Amino acid sequence: MLKTTLKTMLLAAVAVGAMAGAASAGKLTIESWRNDDASIWKDKIIPAFNAKHPDITLEFTPTAPAEYNAALNARLEGGTAGDIITCRPFDASLELFNKGHLAPLNDLASMANFSDVAKSAWTTDDGATTFCVPMASVIHGFIYNKDIFKEVGVEPPKTEEEFLAVLEKIKANGSYTPLVMGTNDQWEAATMGFQNIGPNYWKGEEGRKGLIDGTQKLTDKPYVNTLAALAKWAPYMGDGYQAQKYPDSQNLFGLGKGAIYAAGSWDISTFRAQNVNMGAFKAPPPAGASDCYISDHTDIGIGLNAKSANAADAKVFLDWIGSDEFANILGNELPGFFPLSNAKVTLSDDVAQEFVNWRGECKSTIRNSYQILSRGTPNLENELWNVSAQVLNGTMTPDAGAAQLEDGLKKWYAPHQK
Amino acid sequence: MRKPASAFAVHGILALYTALALAPIILVIMNSFKAKRAIFNTPLQPPMPWNVDLIGYYKVFGDSSVGIYYLNSIAVTVGTIFFTLLFGAMAAWALTEYRFRWNTLLALFLSIGIMVPIRLGSVSIIQLVSDLNLINTLTALVLVYTAQNLPLSIFILSEFIQQIPKDLREAGRCDGLSEYNIFFYIILPLLRPAMATVAVFTMIPVWNDLWFPLLLAPTGGKQTITLGVQQFLGQYITDWNAVLAALSTAIVPVLLLYVIFSRQLIRGLTSGAVK
Amino acid sequence: MAKPQQHHLVGMSDAAFYRVLLFFLAPAVIVYTTFSIYPLLDTIMNSFYDRQNDGSQLYVGTANFVTLLTDTTWSGPFWNAFWNNCKFFFIHMLVQNPIGLALAALLSLPVLRFRSTYRTLIFMPTMLSVVIIGFTWQLILSPLWGIAKMFLQFFGLGFLFGPWLGIESTALITISLISVWQFVGIPMILIYTALLAIPDELIDAATVDGLNQFQAFFYVKLPLIWPTIGLVSILTFVNNFNAFDLIYAMKGALAGPNFSADIMGTLFYRVFFGNQLQLGDTSMGSTIATMMFIIILCGVMVYLFLIQRRMQRYSF
Numbered sequence: 005m006l007k008t009t010l011k012t013m014l015l016a017a018v019a020v021g022a023m024a025g026a027a028s029a030g031k032l033t034i035e036s037w038r039n040d041d042a043s044i045w046k047d048k049i050i051p052a053f054n055a056k057h058p059d060i061t062l063e064f065t066p067t068a069p070a071e072y073n074a075a076l077n078a079r080l081e082g083g084t085a086g087d088i089i090t091c092r093p094f095d096a097s098l099e100l101f102n103k104g105h106l107a108p109l110n111d112l113a114s115m116a117n118f119s120d121v122a123k124s125a126w127t128t129d130d131g132a133t134t135f136c137v138p139m140a141s142v143i144h145g146f147i148y149n150k151d152i153f154k155e156v157g158v159e160p161p162k163t164e165e166e167f168l169a170v171l172e173k174i175k176a177n178g179s180y181t182p183l184v185m186g187t188n189d190q191w192e193a194a195t196m197g198f199q200n201i202g203p204n205y206w207k208g209e210e211g212r213k214g215l216i217d218g219t220q221k222l223t224d225k226p227y228v229n230t231l232a233a234l235a236k237w238a239p240y241m242g243d244g245y246q247a248q249k250y251p252d253s254q255n256l257f258g259l260g261k262g263a264i265y266a267a268g269s270w271d272i273s274t275f276r277a278q279n280v281n282m283g284a285f286k287a288p289p290p291a292g293a294s295d296c297y298i299s300d301h302t303d304i305g306i307g308l309n310a311k312s313a314n315a316a317d318a319k320v321f322l323d324w325i326g327s328d329e330f331a332n333i334l335g336n337e338l339p340g341f342f343p344l345s346n347a348k349v350t351l352s353d354d355v356a357q358e359f360v361n362w363r364g365e366c367k368s369t370i371r372n373s374y375q376i377l378s379r380g381t382p383n384l385e386n387e388l389w390n391v392s393a394q395v396l397n398g399t400m401t402p403d404a405g406a407a408q409l410e411d412g413l414k415k416w417y418a419p420h421q422k
Numbered sequence: 311m312r313k314p315a316s317a318f319a320v321h322g323i324l325a326l327y328t329a330l331a332l333a334p335i336i337l338v339i340m341n342s343f344k345a346k347r348a349i350f351n352t353p354l355q356p357p358m359p360w361n362v363d364l365i366g367y368y369k370v371f372g373d374s375s376v377g378i379y380y381l382n383s384i385a386v387t388v389g390t391i392f393f394t395l396l397f398g399a400m401a402a403w404a405l406t407e408y409r410f411r412w413n414t415l416l417a418l419f420l421s422i423g424i425m426v427p428i429r430l431g432s433v434s435i436i437q438l439v440s441d442l443n444l445i446n447t448l449t450a451l452v453l454v455y456t457a458q459n460l461p462l463s464i465f466i467l468s469e470f471i472q473q474i475p476k477d478l479r480e481a482g483r484c485d486g487l488s489e490y491n492i493f494f495y496i497i498l499p500l501l502r503p504a505m506a507t508v509a510v511f512t513m514i515p516v517w518n519d520l521w522f523p524l525l526l527a528p529t530g531g532k533q534t535i536t537l538g539v540q541q542f543l544g545q546y547i548t549d550w551n552a553v554l555a556a557l558s559t560a561i562v563p564v565l566l567l568y569v570i571f572s573r574q575l576i577r578g579l580t581s582g583a584v585k
Numbered sequence: 010m011a012k013p014q015q016h017h018l019v020g021m022s023d024a025a026f027y028r029v030l031l032f033f034l035a036p037a038v039i040v041y042t043t044f045s046i047y048p049l050l051d052t053i054m055n056s057f058y059d060r061q062n063d064g065s066q067l068y069v070g071t072a073n074f075v076t077l078l079t080d081t082t083w084s085g086p087f088w089n090a091f092w093n094n095c096k097f098f099f100i101h102m103l104v105q106n107p108i109g110l111a112l113a114a115l116l117s118l119p120v121l122r123f124r125s126t127y128r129t130l131i132f133m134p135t136m137l138s139v140v141i142i143g144f145t146w147q148l149i150l151s152p153l154w155g156i157a158k159m160f161l162q163f164f165g166l167g168f169l170f171g172p173w174l175g176i177e178s179t180a181l182i183t184i185s186l187i188s189v190w191q192f193v194g195i196p197m198i199l200i201y202t203a204l205l206a207i208p209d210e211l212i213d214a215a216t217v218d219g220l221n222q223f224q225a226f227f228y229v230k231l232p233l234i235w236p237t238i239g240l241v242s243i244l245t246f247v248n249n250f251n252a253f254d255l256i257y258a259m260k261g262a263l264a265g266p267n268f269s270a271d272i273m274g275t276l277f278y279r280v281f282f283g284n285q286l287q288l289g290d291t292s293m294g295s296t297i298a299t300m301m302f303i304i305i306l307c308g309v310m311v312y313l314f315l316i317q318r319r320m321q322r323y324s325f
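Residue numbers (my numbering), protein chains in the order written: chain A, 5 to 422; chain B, 311 to 585; chain C, 10 to 325.
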């Protein structure tokens, strides 16, 4: 008995050794957190590239978003990361470049297709070196279920007051969750909540730059008011929203059980797949606001692992990422990711087009915690997740939340210590 | 169990707890066969002809790599168990049986590993594995898991070796058996029940580990099933049919494997080898 | 760890003796040292250095530890994680191990039918990946799916239901209980094995003396399995202070709300590997890892020198 067991195990152990062979050579692997898009990459983007460059083999190997940064850093340190690295915007990628993990890409011909604003998310502080090709931005706003709006008899709101009135009416109807968002994962509260409606309060770039140069504090009115506006959402969110995860939210709206979804434009494709009859409206400005602002956030870039053994091939691919052809594929295959290049892209998805239209009506800004302000400890982005979720949960007042944010920033950021 | 009343109570408690242990698993498997609306609206209803939908399984098995992932997981788990048991039993034997100068110190040294959090040395481990050119190989996983499981294996096996009557080995020595033969022909067979326990305890964390496959063998068809399921979940997170089907696909073989192993375990436990 | 027994290897030369030792010990020591001890030492080393941007290491002595324990930015989260981890451990000790002991006691009763069926089934959750467990329980407790709510309503207790995983005061307890649910099989099977090893004659003698099953368990069996219960306790301690997966799977690296479910493992992960915009910090991460190591070492020392020494090993 024992002998046969041992023999089986020995055989298996030998098999392990035999399987250990052959690492692949000459193939480009792409690191990304966009595991949702794996099939689009496999079936559309890579074949389109191979039509032009059949000699370069590509493999898209995504890691789940939550694990991406950690796993990528570990693999870069260990020298086992893929050739092509999908870049988070601003400081996270800047750090990778400073550590020598990302190669400079100034000499890439297609870099000329991008504006300085688009490149700013992946450029050194002195503006000298760009290290990722800008790929796409995402826009915040609200997606609504047209059928439910019709049934309840409401129109997309134009001001914050109207927004709350619409929520109240849907709540009174009783059949649907008025506002779909959860606080379990925390980032939704900060990203779909705070960063979605906030630009209207802090006047977009004006406020964002004010925070960076220290002329504005997070305890100033615009930020407290943003948190206060957020706190008003609580009565309209789903039953037990404190334990609701992001996929729960997507399902709640996707199944037609929720009326309004606090969105990022990247959610469009998820809901398209579930055949939701949907429309979109931008973050409704508060009373008395003359201009409107939207969060149009440079979100994805794509760069080159400095230690790649296939750098020449990788650069051919990166150059193609900057091309008009890629911009068109991206914009239409992944509605809700808006190409950052100057290429003229016609979007076939009407909701995606609606999001893009806001660029003409309002002023654009990016998320205020992404540039410079999350370089120290405590990290402003982490603090925003925590505070926004707590304000929505009703366990923290807007004033206390703003105070905690400012205290954290003050600990390490000189312009706020004055 | 003389009185039927107390027997009834004992069975009642055990059955209740068994239900508690199984209900969540059954719930997942049951709902994986149902249509999406039925999953949401009547989660407690078993699959019926009118609400059956196998779309989730089509998606999972449409991904042709599932079979390879299983083989990877089996190879890694079996390889780890084999080396953990063999090396662990050998070391436990030497530490309990022989008196030598560094014995206590070495025993302490080997027990440090029981306390090492699995991820503390990740970055160093990656560098090491990369220097050895073992990235994206199952060998790397087997080596790391063996190193991690050896301390507990030595710990448990030592306890058992101490309980083996001394006369047995002395008799062997008197018969002129070498130390190697005493170990392999007398001690090792007696350790079977303990080894079954160690095997189960080794198998669980190795089969279920997500972290090291993610860092050491994330691509190139070397994914384990746990990593494969995780990647699949990430991709279909909002598609509950696919999610539940993927979870069931991961659950069922583990449970089957366990039931098979469990027979061994019971036989080992009750064979009286230790008593 | 076990003490070497008095033993002389008659008629064996020193060289031959060391060859035997080498043969038995070398494989384990080599694999273990290379893939476990070396990475650990490397990590501890890192906690005395500050990693510079160019990748070089600057020796800073104990500065990292001083920062961790005195700078409120670091000490707040550190002690929060430490106390949460203690709660996590206490819940396991108070719920998991007594249930495990009780189940093992029932299973080891003589003449119990379906014994192996119960044992096999109750152990099942332990076999499953934390990824799967986390996901499953989240679905069950999800207010959206509402299974837990339906269940409570069935007993007329619907008002008790709440989004437990999302509320500061209940998140950690809920996760701890899920962990207990999953791992109760381990103390159960260890104690069960120990109970089976008790010779029947002892029990028979006790029953002849007029003790019933309960008394026999408390007066005869329990004292004999104290060493196993000690072993179970220290394994629980080590596992709990190394825990990470379940909380990460259910609550993410920020272990919210407001870090109420943050334990040492999640804190280490967040600092070492970073989060969304937070960059990984090798030096502070290693410092936290070293502190975890020290905490666990203290616990194990208490066990080895205070508890295990006092327990009499039973031998037959």
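Worth flagging that the hints you see were computed from the coordinates, not collected in a lab.
Bear in mind the structure is a predicted one, so any value in this text is a computation, not a measurement.
Take the hints with a grain of salt, since some may be wrong.
Heads up, simulated DSS-like pairs for lysine-lysine below, C-alpha to C-alpha not over 25 Å straight-line [what the hints assert, rightly or not]:
1. A:K175 to A:K162
2. A:K175 to A:K213
3. B:K476 to A:K261
4. B:K369 to A:K46
5. C:K158 to A:K175
6. A:K236 to A:K207
7. A:K48 to B:K346
8. A:K319 to A:K46
9. A:K261 to C:K230
10. B:K346 to C:K158
11. A:K225 to A:K422
12. B:K346 to A:K150
13. A:K123 to A:K213
14. A:K348 to A:K311
Mind listing which of the numbered hints don't hold for this structure, in increasing order?
Checked against the structure, the hints that fail are numbers 2, 3, 7, 9 and 14, while the rest are satisfied.
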